[in-house]
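S.K.: Sequence:
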Amino acid sequence: MTEAVRTKYRYATDQRWFIRMLEIIPGAITWTLLIGPIILSFFLPIYVSYFIIAFDLFWLLKALRMSTYLVRGYRRLRDHQALNWRERLNWLEDPEKHIKAIDRRIQDLLRRYPKVQRRFFWNRSHTKQRRGYVQALSDLSSLKEIESHQTAIMPPSSICHLVIIATYNESRDVLEPTVKSLLEADYPSERMIVVIAYEERGGQAVKETAEDLIASYGKRFNYASAIMHPDNRPGELRGKGANITYAARQATADIIERGIDPEHVVVTTLDADNKPDPQYFAYLTYVYALDPNRVHKSYQPIPMFLNNIWDAPAPMRVIAAGNSFYQIMEMMRPHRLRNFSSHAQPLRALIETDFWSVTSPVEDGHQFWRSYFIFNGDYAVVPLYIPIYQDAVLAETYPKTFKAQYIQLRRWAYGISDFSFVVRNCIRNNKIPLGSKLIQTGRLLEGHISWATAVLLITFVAWLPLFLNPQFSQYGLAHELPVIASHLQSIALIGLFVMASISIISLPPRPERYGHRRSLAMVAQWLLFPITGIVFNALAAIDSQTRLMLGRYLGFNVTVKSRRK
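Using numbering that gives the first Met the number 0, read the sequence shown as starting at 0 and increasing by one per residue.
Any given hint could turn out to be false.
[As the list claims (entries may be wrong)] With a Cα cut of at most 25 angstroms, we get these calculated DSS-like pairs of lysine-lysine:
#, residue 1, residue 2
1, K61, K99
2, K206, K218
3, K179, K206
4, K96, K143
Keep in mind the hints are simulated off the structure, nothing from the lab.
All chains should be built: construct the whole structure from the sequences, respecting the hints.
M.R.: Written out as C-alpha cells, the structure is:
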C-alpha cells in the first residue's frame, strides 16, 4: 500500500459517515440474528432447524469447555491464595540461598518418607507430606529459573504502588473498609502511595469523608492525599476515567518530584467498594519484578463480587457470581483477557498512553485498546490469580436495585462502542501485523454479539419453525427439533451445576443475622440463572448496541453502593 493510499484511508477514518457506519454494524448484526430466524421460519424452516441444532451443539461444547476452565481457574485461584508471596519476594533478592534451603527440605522429606516421590502415594496420613514435596519441587524449579534470569529482575524493594481509589458520593461505610484493606495487606504500607480521587459534584459530604480518611490513615502510607476532580471540565465525560486521570496526573507530578522512577511505580485503580486480597500487592510485585517486558503489560486480578453477597437480592447474587466466574474462565484464556474493573498498569506506560480515556464510559476495557495501538501490538494483559473483593449491586429498595443492576450491565455492554475505535486504528496503524488486528477485532465483535444473542437464540428459536410455519409440522424434524434442543440444553446444565457448586464453596461466612434458610436460598437462587441471563444480560447488551446504532450515546452511570448493617 502506497503512502498516498494510506493517507487517503486515514482521512476516511476520521469522517463522520465512516464512524457512524462502524457504530451501526454491531447492532445491525445482532438484530439480523434475532429477526432473521423469525422471517426464515416462514420460508426456509429446514435451514433454520439445522442452524439451531448446530448452534445449540456449538454452545453445548463451549459450555462444557468453559466449565472445565472454571474448575481449573478456581483451583489455581485457591492455590495462589495459599502461597506466601511475601516470602517469594525474598527469593528475588537472594535466589541461591533459598535454593539451598528448599533442596534441604526436599532431601529431608525423601529421607523421612521414601515413597513421597511416587506419583500415586495414597497413604492418607502422608497426604500433607506429598503436597509439600510437590510444592517444594515446583518452588525449586521456579527459583532456578529466577537465578538464571536474575540480571533482568527488578529489585522488589525498589517497587512502590500507587493506589487510586475512585469515589463519587459513597458513604464512609463503603469507603473506609477499602482504605483499611490496604493497611491489612501482607505488604509494607510504607511502599504504598494512596490517592482518594473524589468528584466535586459528589458534594461536601464526600469531600469531608475523603479528607478525614486521609487524615486518619494517611500517615501509615508512604504518603497519601485526597484529590478533587473539578466538575464540567471541557472535553471530558463525567465518569471514572476523567476522575482517575486527573488524580493520576497530579500524583505523577509529586512522584517525579520525589525522584521516584515511574517504571518502578505500579498503579492500581480501585472503586470505592473494592478490597484487595491481603496477598494482592506482594503477588503483583513478584510478577512485575520478574517480567522483562513489564511496561507493555497490564495486570488483571479477579473481581469477586462477594463483599455484600449475603445481603443482595437473589437475582443480583446470581449475576454477581456469574460475573466473577466469567472472569475466572477468561483468566484461563490469557490471549482473550482484557482490562476489567480494577487492574494495574505501570506508571511509565500510563504516562506514554496519557493515562486513561476521559471521554469513554468504559475506561477499563478502552484502556486495553489504547495501549494495544500505542505500543503497536506489543501489549498484553497478565492474569493474576488473586481476588479483589467487590460489592454486588444493592440499593435501598428492590426496584432501585434491579434498575441499578440493569444500568451497570448496560454500561459494561457499551464496551462495543470500542469497535469503531478499534477498526479505525487498525486501518491507521501499519506496524501491527494484519492477522493480529483481524483476530483482536473479531474477538471484540464476536464477544458482544454473543452476549446479546446467544441466550435468546438457544431459548426460543428451536420452537419458531413449528409455530410459525404450519406446513413444516408435516416434517418429522419439526417435532424432533424442540426435543433435540431440549436434550442439548439439559446436558449444558452441567455447567450450571459447576457454577452453583463453586459459588457455595466460595461464599464468605454467613452473617449471624441470617439463618440456615438463607443458605438454602443460596442454592435455590440458581434456578433464576436463565431469567437473569435474558432480562439483564441479553437485553442490556441489545439496549447498548441499539443505542449506539441509533446514535443515542450512553454516559457514565455510577452504580449504587450501599451496605446493610
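S.K.: Can you give the numbers of the hints that this structure goes against, from lowest to highest?
M.R.: Of the numbered hints, just 1 does not hold.
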